[in-house]
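Build out the structure end to end from the sequences listed, making use of the hints.
Taken in sequence, the protein lines are chains A and B.
Using the working numbering, the first residue of the first sequence is number 1, and each one after it goes up by one.
Using the working numbering, the first residue of the second sequence is number 1, and each one after it goes up by one.
Simulated from the structure, these hints should not be mistaken for laboratory data.
Heads up, some of the hints might be wrong.
What the hints assert, rightly or not - Listed below are the simulated PhoX-like cross-link pairs for lysine-lysine, each with C-alpha atoms no more than 20 Å apart in a straight line:
no.	chain 1	residue 1	chain 2	residue 2
1	B	LYS15	B	LYS239
2	B	LYS108	A	LYS397
3	A	LYS129	A	LYS189
4	B	LYS5	A	LYS397
5	B	LYS100	B	LYS5
6	A	LYS117	A	LYS20
Here the structure is a predicted model, which means the values were calculated and not measured.
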Amino acid sequence: MTLTERIQTDFKLYATQAEKDSFFEQRQQAFETFEKLGFPTTHNEEWKYTNMKAITAGAFENTCIPSTKNNNYQASVFSGIKANHLVFVNGSFNKDLSVFIEPDSAIIITNIAAARKQHADLFNKHFGKYAHTETVALNALNLALLSDGAFVYIPAGKKLQDPLVILNFIDSGDLNVWVQPRNLIIVDKGADITLVESYESRGEHPSYINVVSEIFVDENAHVEHYKVQQQTNESYHTNYTQFFQQSNTSINQVTLTLDGKMVRNNLHFYMNGTNCNDLLYGLHISEKQNLVDNHTRVDHAQPNCFSDEKYKGILKDQSVAVFNGKIMVHQDAQKTNAYQRNQNILLSDEASVYTKPQLEIFADDVKCTHGATIGQLDEEPMFYLRSRGIPENEARKMLLNAFADEISERIKIPELVTLLENEIEKKL
Amino acid sequence: MLSIKNLQAEIDGKKILNGLDLEIKAGEVHAIMGPNGAGKSTLSAVLAGRADYIVTGGSVTYKGKNLLEMAPEDRAREGVFLAFQYPVEIPGVSTTNFLKTAVNEKRKYNGLEPMEATTFLKMMREKMEVVEMDKSLTSRSLNEGFSGGEKKRNEVFQMAMLEPTLAILDETDSGLDIDALRLVSDGVNKLRNEERSFIVITHYQRLLDYIVPDFVHVLYKGRIVKSGDASLAKELESKGYDWIKQEVEATI
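Structural data, given as structure tokens:
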């Protein structure tokens, strides 16, 4: 059974079992939208270089059962760090592995399934309000058949003391796995959170994960958000992260894509207030025939906002990278400052990059720049280092670390910096 | 120590060195002068091992070994040091880290353990004094945002740290004002000793007022056409290169 067929069967099954409340109606509608839109194909401009055929034609089971062999979840790089852990295995919440160290009981950290009942008001107010489903097929699919995910609420003026790590393990040790996590993060006025979304896979079978995260950031709040993708060469990953922010908010977002057969990140910021300040940085190291596709969009909808975007890629072997960054400056968004850069280093003749930095400006008093570079490691610095006795391989690592440095210096969790350094050491 | 015989080299199919001969003994300072396009920088590039320069003939023997067969890093670890005419800015690589790696790579090559961190820092402090280098520069990225003078001082500082047996100074005086020139030259002079040899490549005689060479060679059309002592440099300063060119043309 292909995934397309599987989706229909699964939804029918869900429909027979579900309580027929408003949530069901919402999901029923999303399912119909998905049926109408279908999986994106390469005819769609936004998916020109990223072919989902291997996923749609593949056979995946929507299962929440972990495999019997590979459940070594403690081996995660995040296990050792002092943080709150929300653990999901194949999309289902694992309470035993989760850790809560936050002393303030007013802060809510739980799973979507529980929050829908226990925090119905908050849930209904925000859920599905930010990530569009009408036009985005994969968001509709996620809503129709979501498994579970994180629900977080930081009340006004509160600060989450230690980071929250949402650990998603995709365990395809026994069979092909398909998972659809959904996260809802609500950061109230003046609140502060450091959040990591981690995706790790276990097992040799193919897997497909389709994630949607909605993050609402109310006035004067601050969010540190890290997305870390370490999946296998048989893992497919699509995600859609939507930040919706009010006035005087700041967000520091870093996306690290370290492994995975195919990763498509959609990262969206909607600045619905004035004086917003967003930093979005990304780094990927890709190898083999893997593909990393970063689609970002920053909507400057109100005046006096600032955004700085920098995405970097290191490509080995026959890997492919796609970058499409769109900065949309709306008519009212005067005094916008928006910067965007995409830089790529190709370590092989067979790797390729498709990059499209985009600015769409409808206001007249703005300062915006964008640009992209694709190149090899410069020969001059390489020769300089070698002429001081540093061997070629070591020199290359030094230069690539230096290249990655601009991104890693944005990371405020030391363990994450170490992870990145080790990854560079291992791969290059 | 260094024996260059009939060296011929080209870049992009263009022949630059046309049978260059040069013998350097331990502790000697040789100045290579010559008009633009004579092949001065090609000589330093070939000795340091730049890949885009192709050696088409001749030999270079350094401490009894075939230098031309060695990778650039091996040449460095064998004690060859090139002070760049245009030192490269490398953002993100700290000067300290870079030097620690370089020093320890050389030690590894010589079968020594990596240097203790405290010993290394002490050595850095001492060697910085050689060129009166500001301490803040070593915590910055390598050459990034350094002035022309700071970059050249950093080259001599690196030379002091790596303790080469053959140091090649490629137009080290270019872009320096008189104060920086004095500082850099003083640094080089402090590093002169009986084992260490220097090749000082320069267009102008000015540098040789500070770094007084044992021998001066004139490079023209890829060959050494005239050799002498320090007084030859003075003669070139007053008379220019034209008389040498004429002499050479007359003999061909």
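Hint-by-hint comparison with the structure:
1. At most 20 Å may separate the alpha-carbon atoms for a hinted pair to count; LYS15 of chain B and LYS239 of chain B exceed this at roughly 28 Å.
2. Among the hinted pairs, LYS108 of chain B with LYS397 of chain A is consistent with the structure: their alpha-carbon atoms are about 18 Å apart, no more than 20 Å.
3. Restraint check for LYS129 of chain A and LYS189 of chain A: satisfied, since their Cα atoms lie roughly 18 Å apart, inside the 20 Å limit.
4. For the hint pairing LYS5 of chain B with LYS397 of chain A, the CA-to-CA distance comes to about 37 Å; that exceeds 20 Å, so the pair is violated.
5. A C-alpha spacing of about 35 Å is found between LYS100 of chain B and LYS5 of chain B, which places the hinted pair above 20 Å, so the restraint is violated.
6. Restraint check for LYS117 of chain A and LYS20 of chain A: the C-alpha separation of about 15 Å stays at or below 20 Å, so the hint holds.
This entry does not satisfy hints 1, 4, 5, going by the numbered hints stated previously.
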